[in-house]
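S.K.: Turn these sequences into a full structure, and let the hints guide you.
Protein chains in written order, with the working numbering: chain A, 1 to 284; chain B, 285 to 518.
Hint data in this document are derived by calculation from the structure and do not stem from the laboratory.
Check each hint, because a few of them may be wrong.
Mimicking DSSO-like on lysine-lysine, the simulated pairs with C-alpha atoms at most 30 Å apart in a straight line are [as the list claims (entries may be wrong)]:
#, chain 1, residue 1, chain 2, residue 2
1, A, K159, B, K407
2, B, K407, B, K438
3, A, K159, B, K350
4, B, K350, B, K438
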Amino acid sequence: MDMFLLEAVINGLLLAGVLALLALGLNLIFGVIDVVWIAYADLVMCGMYAVYWLFAEYGWPLPLAFAAAIVGVAALGLLVHLLIIAPILTSAPINQLLATGGLLYFLQSFATLLFGTDFRNIGIRLPIIEIGGIYVSYARLLAFGVALMGAIALYLFLKRSYVGTAIRAIAQDREIVGLMGVDQRRIYLVTSAIGGALAGLGACLLALQYDVHPFIGNTFGPLIFMICVLGGLGNMIGGFIAAFIISQIIAIGGYYYSTELSYVLAFMLFIVLMFIRPQGIVSR
Amino acid sequence: MLSLADVSAGYGSFRALFDVSLSVAAGETVGVIGPNGAGKTTLMRVISGLVAAVAGAITLHGRSIKGVPAHRIVAHGIAHVPENRRLFPRLSVEDNLKIGAFIPAARQHFADQLASVYELFPKLSERRSQPAGTLSGGEQQMCAIGRALMSRPKLLLMDEPSAGLAPLVVQQVFELIRRIRGQGLTVLIVEQNVQQVLDVVDRAYVLEAGSIRLAGTASELRNNDFIRRSYMGL
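M.R.: This is how it looks when you write it as C-alpha cells:
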C-alpha cells in the first residue's frame with residue numbers, strides 16, 4: 001500500500017476522534033432534550049478562545065487553561081438551556097431551531113466584536129512523529145487519544161451511574177421517569193452541562209491543531225451535523241461510527257483529489273445515503 | 285395511612301374526578317373497581333402527583349401531599365406501577381430495576397433489594413441483561429412491579445396490572461399480588477377484573493363516572509346485587 005495513502009488514512013482516523021466526540025455531545029442533547037443546538041460548534045469556538053486567552057495571553061499553565069475552558073463551556077451549556085431552551089421547551093421544534101440558530105449569529109458577532117477577525121494561535125508547536133516512514137502529528141495523536149478517553153468516560157457514566165441510567169431512560173418515556181423520583185428539569189440541566197463540557201474538551205483538542213477565529217465553527221459545524229444525521233440523530237453509537245466514515249472520505253478524497261473536492265464528495269455521499277437510509281446508517 | 289377527602293381533578297377543562305374520598309390503612313390491600321373511563325387511572329395519577337388535584341385534600345400519614353410533584357412523591361414511600369407498564373423498552377431489565385432505585389434512600393439498599401426482587405421474580409433474573417421491550421407481557425408486568433418495589437415503598441399503587449395479559453398470566457399476576465401483600469406492603473389496586481381482584485383485596489371502592497358509588501369489604505361487595513349484576517354478569 002502506498003505510504004502517503006496510509007498516512008492519509010491515519011490522519012483521517014485521527015480527525016475522526018474529535019469529530020466523534022462533538023457528535024456525541026450533540027446527539028446526547030438531542031436524544032435527551034429533543035433539541036438541536038445549532039450553535040454547538042460555536043460553543044467550541046468560545047472554548048478555543050478561552051484556551052487562547054488564558055494560556056497565550058494570561059500565561060496560565062496549559063492544563064489549567066484546558067480545565068477552565070471545559071468548565072467554562074459546561075457553564076455556557078447550562079446557560080444555553082436555562083436562558084434559551086427551557087422557556088420554549090414545549091413550543092414547536094422550529095422555534096428551538098431558530099433560537100439556537102440565533103445564538104450562532106450572536107456568538108459569532110460577539111466574538112468578532114471582542115476579538116476581531118484575526119486568526120490566533122496558542123503558539124504550541126508539537127512535534128511530528130515518524131513511525132516507519134509515516135509522519136503523524138503528535139497534536140492529532142494526542143487529540144485522538146483524549147477524545148477517545150472522553151467518549152469512554154461518557155459511556156461509563158451513562159452505563160454505570162444512576163443519573164446516567166436516568167439520562168438513557170428519559171428519552172424513552174419522559175413522564176414515567178418522574179414516578180421513579182427523577183426530576184426531568186435536573187436531568188436536562190445535567191445533560192446540557194455534559195454537552196457543554198464535551199464541546200469544551202473538543203475546543204481544547206482543536207486549539208492544539210487549529211487557529212481560532214470567530215467563524216471557525218462554520219468550518220466543522222456542518223460536518224458535525226452531517227455526522228449526527230448520517231448516524232441517526234440522537235443515536236450516539238451511529239454518530240460515533242459516522243464520524244469515522246466521513247473523516248475517511250475527507251482524508252482519502254483529499255489525497256486523491258483535493259481537500260475542497262473531498263468535502264464535496266463527503267456531502268454528496270451524505271445526500272445519497274439519506275435517500276437510501278433516511279433514518280441513519282445504524283438502526284436501533 | 286393514605287387518605288383522600290373530596291378530591292376533584294381533571295385535564296384542562298375536562299373533569300375526571302368529582303369529590304372522591306377514600307382511605308387506605310397501613311397493611312391493607314384496597315381495590316378500586318369501575319368501568320373504562322370512570323377515572324380510575326386519574327385517581328392513581330392524582331395520588332402519585334402526575335395529575336394535580338384542583339380541590340380536596342390528600343394526606344399521607346396525616347401530612348398533606350397534595351401539590352407535591354411526582355418526582356418527590358416516591359421519596360414519601362409511594363411507588364406507582366403505571367397503566368400499560370410503561371417500561372423503558374430499550375434499557376435492560378436490570379437498568380429498569382436500577383432506575384426504580386433512583387432515590388438516594390433506595391440506592392443504599394440497591395443490592396439487597398435487587399436480590400429480593402429477583403427472588404420474587406426468578407424470570408427477571410434470567411433475563412436481566414435483555415432489553416425490557418423484548419419480554420413477554422407477563423414478564424413486563426413483573427418488571428414493572430419489580431421496578432416499583434426497588435424504591436422500597438410503604439404503599440404500592442397498581443394500575444390495571446392484569447390488563448392485556450393472557451388468562452393464565454392474569455392468574456399469576458394475582459398470585460403475585462397475594463404474595464406482595466403477604467410481605468406486609470400496603471397496596472391500592474385499580475382493576476377491571478372485578479371477580480379476581482375481590483379475591484385479593486380487603487376492601488374495595490366502586491368508581492363510576494368520576495364518583496365513588498359504593499364501598500365495602502370484599503365479601504360485602506361480592507354479595508352485593510348491584511355488583512353481581514353490573515360487574516360479574518351474574
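S.K.: Run every hint past the structure and note whether it holds.
M.R.: Hints, one by one, checked against the model:
1. Of the pairs offered as hints, the one joining K159 of chain A and K407 of chain B holds, with about 23 Å between alpha carbons and a cut-off of 30 Å not exceeded.
2. Annotation: proposed proximity of K407 of chain B to K438 of chain B holds, straight-line Cα distance about 24 Å (limit 30 Å).
3. Our distance criterion of 30 Å between C-alpha atoms is broken by K159 of chain A and K350 of chain B, whose separation comes to about 35 Å.
4. The hinted pair formed by K350 of chain B and K438 of chain B meets the criterion: a straight-line CA distance of about 18 Å does not exceed 30 Å.
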